[in-house]
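The residues making up each chain are set out below.
Number of protein chains: 2
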Amino acid sequence: MAVTLNPLTGQLSGPEVTESRRTVAALKGYFRDEAARAQMDQATEAYRVLAYEPRPEGQEGAVCCATTFLAPGCVGDEYFLTRGHFHAAQDRPELEVTVAGEGALILMSEDRRTWMEPMRAGSVHHVPPRTAHRVANIGEAPLVFVSYWPSETGHDYDTIARLGFGARLRRVGGAPALIVEEHPVPP
Amino acid sequence: MAVTLNPLTGQLSGPEVTESRRTVAALKGYFRDEAARAQMDQATEAYRVLAYEPRPEGQEGAVCCATTFLAPGCVGDEYFLTRGHFHAAQDRPELEVTVAGEGALILMSEDRRTWMEPMRAGSVHHVPPRTAHRVANIGEAPLVFVSYWPSETGHDYDTIARLGFGARLRRVGGAPALIVEEHPVPP
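In order, the protein sequences belong to chains A and B.
Following this note's numbering, the numbering of the first sequence begins with 1 at its first residue and continues without gaps.
Following this note's numbering, the numbering of the second sequence begins with 1001 at its first residue and continues without gaps.
Treat each hint with caution, since some may be false.
So the derived list for chain B, only partly shown, Cβ under 10 Å to chain A, looks like this [what the hints assert, rightly or not]:
{"id": "1", "residue": "GLY1010"}
{"id": "2", "residue": "TRP1115"}
{"id": "3", "residue": "ALA1161"}
If you anchor each label on the Cβ, the simulated ranges turn out as follows [as the list claims (entries may be wrong)]:
{"id": "4", "chain 1": "A", "residue 1": "GLY174", "chain 2": "B", "residue 2": "ASP1156", "range": "37 to 45 Å"}
{"id": "5", "chain 1": "B", "residue 1": "THR1018", "chain 2": "A", "residue 2": "HIS155", "range": "42 to 50 Å"}
{"id": "6", "chain 1": "A", "residue 1": "ARG48", "chain 2": "B", "residue 2": "ASP1033", "range": "48 to 56 Å"}
Treat the hints as calculated values from the structure; they're not laboratory data.
Since we're looking at a predicted model, the values are computed, not measured.
For glycine and all other residues, C-beta sits at the position ideal for the given N, C-alpha and C.
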C-alpha cells in the first residue's frame, strides 16, 4: 500500500505511482537539428517519469514527487533533455534533488533570460516561481532526479513547445555550452 | 554555494542550510511521564534539524526541505519524538521521505482523531492539510527523514504544546502501541 522511494536508484514504487515515457518521436520540434532527430530510432526512450501525486494535478492539498530517468545521448550537438515547462499556476515553485548522473538544470525567466545550474548526485535546486525549467543529461550514464512541487501547480508545456528556451545547451568541443538562440522570438 | 542532500545519510549541506537542535530539556511537557524526563540528562539531544528554506517561512515561492535526525530512546514508556505541529496556513500539506531507521509518523485531525503510519528507509508519506504530525523513533538507531513543504506553510507548534495529540505512542510489551489519552481535552 505504501509508497517508497529508493534513495540510491530514485525508484518510486507503490500502487499510487504512475509512469510515463517520452520517446525520441515525442521530442519532435524540441531540438535544433530536426533532421538528426528524425534519423534516429523513433522508439528510443529519452526519459521516463515515475510520479506520486497524492492529489490530482491542479488541486491543492499535497506535495507531489516524481523521479525522472533521463537517458544519456545527443541529437546533433544537443544533449537529451526534458521538454521543460512553466507552471500553470505561475506563482508556484519546485525543488529538484539529483540522485545520480551528471546534468544541467536549465532555467528561463518569463522575459526569456536563460541560465543553468550543474546537477550531480545530491545537488538540490530551487526553481523559483515564473521560471521555466528543463533538464539535460550531459554525462555518459542515466541522469536521475526527484522533483517536488505543490499539487495545485499544474504544468504549462505549451509555451515551451511553441517558443522553446532562450538558449540551447550544446556540445561544443566535447563540453556543454549554453548558447543563446540565433532567432529571438518576437515579444 | 550549492545545497546538497546526501541520499544515504540525509545530510544537508551548504551555506543556506540552517541547523536547530532539541534537547531533552526542550521537550518538557511533551511526555506522559514528566518525572522520568526530568531525571534524564537535560542536555541530551533528542533531535537535530537541518533545513534549506529558499524563501523565508510564511512567504510564498519555494518548496523547502529539512532533514530530521531523531535519536533512539524512551522517556518512561514513550519513544523519543518530535514536538509535532499543525500548519499555520492550515490548508498546506507536507511530504515525508524516510532515509534510515525505524519510526512512526503520528497524524492527528483537527477533531483529535489520531493514527499512525510506519516509517522505514524509503517510505514516503503524504501529510494532508489540517493534520498535525509528529514522528517517533521506535528503533535502536537514529531515525532520519526528509520533509518537503511549501514555504508559505508556516508552523503552529503552540496548539500541540498546549493540547498534545489525541493518543500517545507507548512501548507496551516491547512493541509500540498507539494509546488514546485518558483525559480527552475539552472542546
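Hints and how they fare:
1. GLY1010: holds (9 Å)
2. TRP1115: violated (14 Å)
3. ALA1161: Where the cut-off is 10 Å and the nearest Cβ of chain A is about 25 Å from B/ALA1161, the hint is violated.
4. A/GLY174 <-> B/ASP1156: 37 to 45 Å: Taking Cβ atoms as reference, A/GLY174 and B/ASP1156 lie about 54 Å apart, which means the hint is violated.
5. B/THR1018 <-> A/HIS155: 42 to 50 Å: violated (31 Å)
6. A/ARG48 <-> B/ASP1033: 48 to 56 Å: Distance hint for A/ARG48, B/ASP1033 holds at roughly 51 Å.
Hints 2, 3, 4 and 5 from the list above are not met by this structure, while the remaining hints are.
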